[in-house]
Amino acid sequence: DSGVTQTPKHLITATGQRVTLRCSPRSGDLSVYWYQQSLDQGLQFLIQYYNGEERAKGNILERFSAQQFPDLHSELNLSSLELGDSALYFCASSPTPGQAYEQYFGPGTRLTVT
Amino acid sequence: LAKTTQPISMDSYEGQEVNITCSHNNIATNDYITWYQQFPSQGPRFIIQGYKTKVTNEVASLFIPADRKSSTLSLPRVSLSDTAVYYCLVEDKLSFGAGTTVTVRA
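Here the protein sequences line up with chains A and B, keeping their order. Quick note on numbering: my numbering labels position 23 of the first sequence as 23, and the sequence is numbered without any gaps. Quick note on numbering: my numbering labels position 85 of the second sequence as 85, and the sequence is numbered without any gaps.
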């Protein structure tokens, strides 16, 4: 158990809909990362937050947005969903944004868009 | 951005040593090299991290030559449970890429 929690574990929704994925980082970790992993593909970095502020953006679509709240949990919002958005979405946390610190990954949320 | 190149797959047998080499020709001076392991439908798990020379922990060893343009993850005496995808990562938020699928056979 990494200490990172993600809810829900599974989500099935229809095209065009909007969903919110939630992540609670490890106790004491200030930095949160979001990744997308489609079938048979590697992890694609989406976005990073540090202590409530956006720190880095990766391959995140304009239909996707995220935020980190004062209690440090984070939410990833996916809107106007398309079939291609079906994937595993992982959240990870680390004490600080620096790469000297390992990332702890949550169990992921499996999103299925039908 | 530093880019990494790893073999797509490797096969091994139980009890053997597995060495996975990652190329990162454009590594920056302050970049660390980190390796993660991922099982199907699970989040990646940190294995080892290094900056230069050799690092060893209870799970693996990481060899980094002086020019730091590559690194080798060494898994001693693998077992069936070591079958997984292994990712080499430079920088803390780069996409992990496809990784190396290691298959250990009995």
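These are calculated hints, taken from the structure and not from any lab test. Be aware that one or more of the hints could be misleading.
[As the list claims (entries may be wrong)] Chain B regions said to be covered by chain A (calculated; three or more residues, Cβ under 8 Å):
| no. | segment |
| --- | --- |
| 1 | 43 to 49 |
| 2 | 97 to 103 |
[What the hints assert, rightly or not] Distance condition first, Cα-Cα at most 27 Å in a straight line; then the derived DSSO-like pairs of lysine-lysine:
| no. | chain 1 | residue 1 | chain 2 | residue 2 |
| --- | --- | --- | --- | --- |
| 3 | A | Lys9 | A | Lys57 |
| 4 | B | Lys3 | B | Lys54 |
| 5 | B | Lys3 | A | Lys57 |
| 6 | B | Lys69 | B | Lys3 |
| 7 | B | Lys69 | B | Lys52 |
| 8 | B | Lys69 | A | Lys57 |
Every residue, glycine too, gets a C-beta built ideally from N, C-alpha and C.
We went through each hint and held it up to the structure:
Judged by the Cβ-Cβ criterion of 8 Å, the segment 43 to 49 of chain B is covered by chain A as claimed, because 5 of its residues qualify and three suffice. Under the rule that three or more residues need a Cβ within less than 8 Å of chain A, the assignment of the segment 97 to 103 of chain B holds, with 3 such residues. With a C-alpha separation of about 24 Å, the suggested pairing of A/Lys9 with A/Lys57 holds against the 27 Å cut-off. Distance restraint check for B/Lys3 and B/Lys54: the Cα-Cα separation of roughly 21 Å lies within the 27 Å cut-off, and the hinted pair is therefore satisfied.
Taken as a hint, the B/Lys3 and A/Lys57 pair is honoured in the structure, with Cα atoms around 17 Å apart against an allowance of 27 Å. Between the alpha carbons of B/Lys69 and B/Lys3 the distance comes to roughly 11 Å, so the proposed pair stays at or under 27 Å and holds. For the hint pairing B/Lys69 with B/Lys52, the CA-to-CA distance comes to about 10 Å; that is within 27 Å, so the pair holds. For the suggested pair B/Lys69 and A/Lys57, the alpha carbons sit about 26 Å apart, so the restraint of at most 27 Å is met.
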